[in-house]
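Student: Let's have the full structure, built from the sequences with the hints guiding it.
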Amino acid sequence: MSIKYAETEPRTGTTEKYVGQAIDRVDGPAKTTGEARYAAEYPYPGLAYAALVHATIPHGRITGIDTAEALAVRGVIDVLTHQNTRPMKPAPKVSFLDLSTLVAGTSVNYLATDEVLWNGQPVAVVVAETPETARYAASLVRPSYEELPAAVDLAAEQGNAVPQKGNLISEAEATKGDAPAALAAAPYKVDLTFTTPPHNHNAIEPHATTAVWDGDRLTVHEATQNITWTRKHLAQRFEVPERNVRVLSPYVGGGFGGKGSVWAGTLLAVLAARATGRPVRLALTREGVYHTVGGRTGSIQRVALGAGADGKLTAVLHTTVSRTGRSGGNGEPITAGTRHLYAAPNIHLRQSTVRLDLLANTFMRAPGESIGTFALESAVDELAWELGLDPVELRLLNEPDRDPVGGQRLAHRRLREAYALGAERFGWRERDPRAGAMRDGRWLVGMGVATAYHPSLRMPANVTIRLNADGTAVVRCGLQEMGMGTATVLGQMAADELGVPLASVRVEYGDSDLPVAPGAGGSTQTASAAAGVQDAAAKLKRTLLGLVRRSPGSPLRGRKPDEVEARDGGLYAGAAGQTYAEILAAAGRDHVEVESKAGMLGFMARTLRERRRWVRAATGAQFCEVRVDPDTMEVRVSRWLGVFDVGTVINARTAASQLRGGIVMGIGMALSEQTLIDHRNGRIMNASLAEYHVPVHADIPRIDVHCLNEPDSGMPLGLRGVGEVSITGAAAAVANAVRHATGKRVLDLPITLDKLL
Amino acid sequence: MRPFAYVKAADVDEAVRAATGPGVKFLGGGTNLVDLMREGIERPDTVVDVTGLPFDTIEELPSGGLRIGALVRNSALAADARVRTRYPMVSQALLSGASAQLRNMATVGGNLLQRTRCPYFYDHASACNKREPGAGCDALGGFNRSTAILGVSEHCIAAHPSDLCVALAALDAIVEVRGQDGTRRVPMADFHRLPGDTPDIETALAPGELVTAVELPPAPAAANSRYRKVRDRASYAFALVSVAAALEVRDGAITDVRLALGGVAPKPWRATEAERLLLGGPADEGAFRRAAEAELASATTRDGNAFKARLAVATITATLRELGGTAR
Amino acid sequence: MTEIRMKVNGSVESLDVEPWVSLLDALRERLGLTGPKKGCDQGACGACTVLADGVRINACLALAVQYDGREITTIEGVTHPLQEAFVRNDGLQCGYCTPGQLCSAIGMLAEYEAGMPSAVTGSHGLDDAEIRERMSGNLCRCGAYNGIVDAIKEVSG
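Chains as they are written, first to last, in this note's numbering: chain B, 1 to 757; chain Y, 1 to 328; chain X, 1 to 157.
Derived from the structure by calculation, the hints contain no laboratory data.
Please note that a few of the clues may not be correct.
Using 30 Å as the maximum straight-line C-alpha spacing, the simulated DSBU-like pairs for lysine-lysine come out as follows [said to hold, decoys possible]:
hint	chain 1	residue 1	chain 2	residue 2
1	B	Lys4	B	Lys176
2	Y	Lys25	X	Lys153
3	B	Lys189	B	Lys176
4	B	Lys755	B	Lys17
5	B	Lys597	B	Lys93
6	B	Lys560	B	Lys539
7	B	Lys539	B	Lys17
8	B	Lys4	X	Lys153
9	X	Lys7	Y	Lys8
Tutor: Here is the structure:
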């Protein structure tokens, strides 16, 4: 994807920067005219359409597949099953030496096995001349099965959970002091068990792939958050060189983690294209997304807190059970927020997982922290009720100076400021501390707070900058844009680093032929790109200073990089300098191109070293007001304020939108979202947008977000990623507001009215 | 979806003629039928498109009621000034249903024939007596939060999904039906059937019969009426419980009351027991609650839907209270 | 196959479709108009919203044959101040629901002008609550709801 900024952004003088401004998203015009094309929207001559046949048992073996009726439908090209299809190579084993091995959504080698590992697993693919024919014929394929015992119920299986293993960036356990003893001795305590249901991402664009083979070259239009690893994975599975595979993903219709891995649809589209010799499009049905793309694990969480009469925490316990799938999935950092948020002498954290006969779980916006902060921050609120303390005050009382478990320094933590500002702006003082005491007409009114917490990480990103003789620049980086504003902020950062107007910058992204960049995950993209852009811009400056050495008249001749500033479309040392056009003209060059390359191993070593010294996270204070109908107990969120410490804000508009988006998803998590898995057979019973209730317009009030906007000196440009922090704490803020309005503490998400009646 | 023959009927006789024999479906706005066909739940051989028929007007009746053509779109009916003044609950019921886009497509006739949203009805891998007679009912021991608690049978607990029909039931609407043998009029109370042991048969329509209109009889009490829908989202969700109520009070006594419930039964549920208890009595909170409790006394609940009885009582009471405040 | 003729974004299109082809698939797969999106294919998300004779409908639940002789407008045929307002107010993120939101908002403004009520219609004009209720048939999973409401207010006010 190549995109150019409009000419409408004036830039004069030398001090004005694009970073920090509220700039319209650069791909806005394409997205509001229908010009933006998504993965299922690329026409090819001879394009065929694929549809999946899903298993209807949770565990077992396929004993036969009757495809006769489907094959008899006019327009059906083929029905692919494990009995007639040349297999893919199996997914590579997961290795931390090659992180791309993490990209396989499941371990299943589709259409190469008779094994069924979850209810909904694809067992056949119909390829037809039209999408209607493919879908209809898929309904006529009749597999038969030998069923095997299946464990699908998290609550029933929690006794079989085993302690989760930590990894390089996330620990799964912590013990400091003697938390159980301190809890027993504490004069004030809460000991609560929370449950959260499974969730699904429900990006409005269902996953789609258009796969085209040309000999042993493969082009894939793909809805993915990870072009680079998708390319590598497809090359491995289909046994072609990586350079022969091109993954194009200029627009992604929402991901939220659900498009971070390679799932069945992608593989089977490529497989069907290979098997039929036709370009193939496979656009999943909404139900198909539920059946083939993992979601967020459900969880059972115990949070126990002990405190003295002064409100100081003496004991913090947080133990969790979540699930993975027989075919893959990972434990989530559910206790991560608890590890870092509150000072206490005695802490015990443990995450356990149990493997169920369900589709592998996967990343969904703030995996772990989103549901973990619901439990923790609900418990902290309940402790405030026990103590008779204001919940904001209780949090500030226990704000640590050093990391509560590891003792590291807290990098740039501004939670106190966030709470102070938030309380002021939200009118927290107006809150009557008694439960059920506030009313607006007939509505019960409640106000709640909770802390948001998400680790700040970055990854290596390669960036090339091409500077043209006319002073324009092309920035290339294999990033993904799925609504976060990636393209917009990439251009802003590059324009500032190069000192050129934004309209002179073209950015290219979403194409695996571009320099390798991290997938969109862990709120790392912008920080990763920032470092790459800075490094490439520095390289460009050195290259240009090298060029001027041969230009006797250049005022820049002999200057060192740190004496020279990139501004006004050129390089300047004080008032003396040259425009880029002048430098290139003098050197007789029509362009100069530089590349910033980041080595993975060195990067990881640096990251780990730093983690031993610092704990770094985006944090925030979430303020929520609800109204509850006293007859029916319907809950409506009526006001929201989130104050976030996310370092430098690159684009005030797109950052605010992303933060709002996380809060909206958090409100859904609090009040209405749950994936219903039938405990008898592991079948998802609400695999539709009609019955899985994501928030609609009418559910969402005006959401105020405020960023403290102080740079974090330890991060490139001082920024921290904003993609996930705002969903954390959100559900707890709602639950705490409901507690205030009604006196009822709901421990089990979502907070539907039946739990309050 | 399964291939079918498409016939666009030029007049009502042609439509009815085309519908002889099994496997024929009439198509109106398509908002439910097209979805069900795509899901493979409806598998007609022939689809007769009736949207070209002249049933898209709302007419005054000599009695003072209204005759609503079966092809009047939900949005048009909801916006009709006469409906909004004389039967506000009808307008409110429509506006609380689905989305504006769907209301622009959906017809009155189609609304009467909406099928349940029970998840097991929609899922081919599950047992459902309504979809496949004799298969069993997976909702009984499964997710049944959305299902019915009144009028259910051991064969089916699916709830009727319509909002409009709840208001129509409260108003004693008459459904006008055209078949091979001419026109007949079916009272709303008889139009939908309880599941019994044939949950697949949902209405009193004979094969090939076409709904042509709905008549709203005059109902002065309905000028003070309300449709209250309780659901899991603020909009665009099916009812957990809904209440259509009209109330007329004179000298402190209830002189007319209409009460029907949605979301709690396999058909729009006219709350006749509650109405009987209320009529002639005082319009106060205690009376409302007692009547509501009496109506729900016969509820058969399960783990997932037990709350619906409490919610229905609360919603009936609140709705009548509100109407009591505005009653003449 | 049935031959149908529709005026799509101002130009007359004639195409042969099987009766089971939806208007959405006819637009996307036969006419190459991929502005209307397929988010659920069951009338539950609004991403496929188009205007039929100026009225907003869900193209996924419309059979193309039923729209013979009708005038269809997709986002590709829209030129409306709302489009720039969406960008200015950041009423979008990933963009996938955006064409549907825009067509829906255009239809909604016409409905409001025509005096059609909503479930929350009161005496407050086209305020936030009215816009939200009237736009609730269009899901946005990115959560750009605030910006969408702002954009609509800017254009309607």
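Student: Each of the hints needs a verdict: does it hold here or not?
Tutor: Now for the hints, and whether the structure bears them out:
Among the hinted pairs, Lys4 (chain B) with Lys176 (chain B) is inconsistent with the structure: their alpha-carbon atoms are about 53 Å apart, more than 30 Å. Of the supplied pair hints, the one linking Lys25 (chain Y) and Lys153 (chain X) is violated, its CA atoms being roughly 43 Å apart against a limit of 30 Å. Proposed proximity of Lys189 (chain B) and Lys176 (chain B) is supported: the alpha carbons are some 18 Å apart, at most 30 Å. Annotation: proposed proximity of Lys755 (chain B) to Lys17 (chain B) is violated, straight-line Cα distance about 51 Å (limit 30 Å).
This hinted pair checks out: Lys597 (chain B) and Lys93 (chain B) have alpha carbons roughly 27 Å apart, not beyond 30 Å. In summary, the hint linking Lys560 (chain B) to Lys539 (chain B) is supported, as the alpha carbons are separated by about 12 Å, within the 30 Å threshold. For the proposed pair Lys539 (chain B) and Lys17 (chain B), the alpha carbon gap of about 20 Å is at most 30 Å, so the pair holds. Distance hint between Lys4 (chain B) and Lys153 (chain X) is fulfilled; the C-alpha atoms sit about 29 Å from each other, no more than 30 Å.
Between the alpha carbons of Lys7 (chain X) and Lys8 (chain Y) the distance comes to roughly 20 Å, so the proposed pair stays at or under 30 Å and holds.
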